[in-house]
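Trainee: Keeping their order, the protein sequence lines are chains X and D.
According to my numbering, the first sequence is numbered sequentially starting from 43.
According to my numbering, the second sequence is numbered sequentially starting from -12.
Quick caveat, the hints were computed from the structure, so don't treat them as lab data.
Predicted model, so just to flag it, every value in this text is computed and none were measured.
Each residue gets a CB set at the ideal place from its N, CA and C atoms; glycine is no exception.
A portion of the hints provided could be inaccurate.
[Unchecked claim] Far from chain X, some chain D residues (derived; all Cβ distances over 12 Å): (1) V1; (2) A31; (3) A39; (4) V61; (5) E126; (6) L134; (7) T164; (8) L296; (9) L387; (10) E429.
[Stated by the list, open to error] Chain D regions said to be covered by chain X (calculated; three or more residues, Cβ under 8 Å): (11) 45 to 58; (12) 65 to 77.
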Amino acid sequence: MIRTGLMVFVRFAAIFTASCLLAAKGADAVITGKVELPKTTKAPVMTKRYEIVSQGGALAPNPPVAIVYLEGRFPMATNPPLQQILQTNYTFVPSLIAVQVGTRIEFPNQDHAFHNVFSYSPAKRFDLGRYRPEERPIPSQLFDKPGLVTLRCDIHEHMRALILVLETPHFLVTDPDGQFKLEGVPEGSYVLKAWLNSKTTLQQPITLTQGQALTVNFPASQERKGKSSQ
Amino acid sequence: MTYRTRLLAVMAVVIVAITGLGLFIAEHKVAAETEHDLEASFHAELRAHQTAREIRQATLAERTRTLTLRPRIVAALEDGALDLLYPSAKDELRDLMEASPAATNSILRARFYRFLAADGSVLKTGDPRDCGVISRSEETQLTFRALPAETQAGYISHDASQSVLEVLTVPILSSETGEPMSALVVGLATTDSSENSGDLRTGILLQDAFHISGFDRAMQARVAERVRQAAEKSGPSGTFSLNLSGARFRLFYNILNPRSKFPPAYEVCVYPLADLLARQQTLRWQASGICIALLIGGFAASHVASRKLSRPVEKLEQVSAQNLAHRQKAEAALEQTSQELQRAARFSADASHQLKTPVAVLRAGLDELLAREEFEPEVREELSALRHQTFRLNNIIEDLLLLSRLDAGRLKLSFSPVDLRPIVEAWMDDLSAVPETTVNVEPDFSGDNLIVGEKRYTAIIVENLLENARKYNRVHGVIRITTETAGDVVSLRIGNTGRAIPPEVQSCIFERFHRGTAGENVPGYGLGLNLARELAHLHGGELKLLCSREDWTEFEVTFKAASKFEGTS
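Could you put together the complete structure from these sequences and hints?
Mentor: Have a look at this one:
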């Protein structure tokens, strides 16, 4: 629990710092909106704990949530903070994480058994081997290419986690009901994308002026396989 | 053929028939039982075999399926890292491919493995040494048109290991879609087919090859052909017999992979019947031997039995033969006697006739002489005496004729009730007509006087007796006549006074021509008593001398009483 809190805090701090930096650059725009998330039968979780499920041939978080990011040319943060994905209760926590390219993620083992972290995803193929909780240094991996990385455990086949490595510093995970608010965005023309699952990413091109407060919604579309909708 | 021989023959035939039938039935039964037992034991063995195989297959399938869930293999397929598929599999399937035959589950050793792409074709492997070498044609056999949804079992010939491999194709399901996205094909060593239990040889028949030990190519081809024919005709499992180069074999075949997308492979079990047939033959010989021994024993027994049984019958035959001989002799004697009798009868009839004629002529002559008036009284007296003698002659002849007829048995009485009283009274009348009679007749007819007889002959008996009573009487003597009835017998007693019959001649008085001591003075010629007795016998009665003592002689004649007689007249 402490670690979770710590992680959340760290992330929050990172975003805050980034937005502060951006804010120092001038009056930045703010994008707010809502992504229409797919219906789910599961009741909203109390904690921000997701699992990766397979829906219609795609890996998706459950309960559904989206990652909204702005695609464009941005100066990247030089030293993104360390992230963590825990292995606890034979699950990856968090099971969905969005990081900037160049982020290092640690994978501490908090169970009383061997765990293993590996991925065969084209964005990052790695295998940290099998290790017990007392393994030091805590195995970690640097993610230096953008893309979706599917995490697996060699021993426990059900364990899944998704890491969306992004080439932009402007990204966030939406609320459980799809609301998002991107702050500190510089003016310019970009594409706002909403990642829903491993096979679906919605997009909308936008143009921002200085200090604009834009509202972009991603309504539910009929076909969800990578089709953009307005 | 004697009775004994016939009996023996019949017994022998029956014994042979029964023994033959028994032997036939027994042989049939034994053969059927043996065949049944063989089938049953084979079925049991095959079932055990089959069960073991099914368990093994299930275990293998389960083990292979477990492998398909390995995260690395799934990751390689799902996360677009096909190039990592075989390298990952190398680690995961290492113990499956372990080449140590001493391992406890060496029967679960894989010779090769491959992965299928989503279109059913075999994914190319980097280094065949890691995952087993297979030839191009073998690879083709592993290809599917579409990925199977369930585990499929098949059998292929593996050139590299010179054996038949059992191939298990296990679909690998996507953890994202649940559909098959690939398949793991594993080629496993089968149980060594050269491992045979006893005489039973097991082989595997594939689409294009047949592996079985102990047969040459030609025989293998023949067996393969027959099994394929039988499989077409009668289904996935069955049994039949066939001859291979002179020896007889029993075949059992069973499909190894039913419900499989692979072509069918059959397990073929061949059992040589030579041993069985040899044993059957031995059994047959033994049975025949026992049968022959039994037959011989049976013959001997029937020999003894027939002799025992036929002895009384033969004795009977002998006796009846003897009886027949006796009878024939008796019949011959009888015939002879009857002929003699007839001859005698004829003779007596002829003789009496011959005798009567001259007597009649004599009488006639004498009558004629007496009729003449010219003769003197002394001559006339003489003639009269002579004439009287002719009557006497006639009587003798009549009596002799009667007697001869009696002797020949030609005299038959026609019975009817006869009253004795008138006969006696008639005689008494005649007697009183004779002037010099001095005897007194005292009749006593108190009893029943009706008897069964014929009047003519009854009168002869009575008159003879009465005449004797008169002739052998003294002067002023008495004749007492009494009748008495006792039951159905009527007795007539005639007693007379006069000289007694001496005791020593009493037994001879009924003989013919016996005249006792009467001398020639008493008329008669000795036939009377004899005739009377014979006639009495014919009447069914008897004549006997009751007593003869000083001055009293009494005769009794018994008749059948007529009141009890129905009458035949």
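Trainee: All hints are to be evaluated individually against the structure, with a verdict given for each.
Mentor: Okay, the hints, checked on the actual structure:
no.: 1; hint: V1; result: 86 Å, holds
no.: 2; hint: A31; result: 43 Å, holds
no.: 3; hint: A39; result: 31 Å, holds
no.: 4; hint: V61; result: 7 Å, violated
no.: 5; hint: E126; result: 26 Å, holds
no.: 6; hint: L134; result: 16 Å, holds
no.: 7; hint: T164; result: 5 Å, violated
no.: 8; hint: L296; result: 97 Å, holds
no.: 9; hint: L387; result: 157 Å, holds
no.: 10; hint: E429; result: 165 Å, holds
no.: 11; hint: 45 to 58; result: holds (count 3)
no.: 12; hint: 65 to 77; result: holds (count 5)
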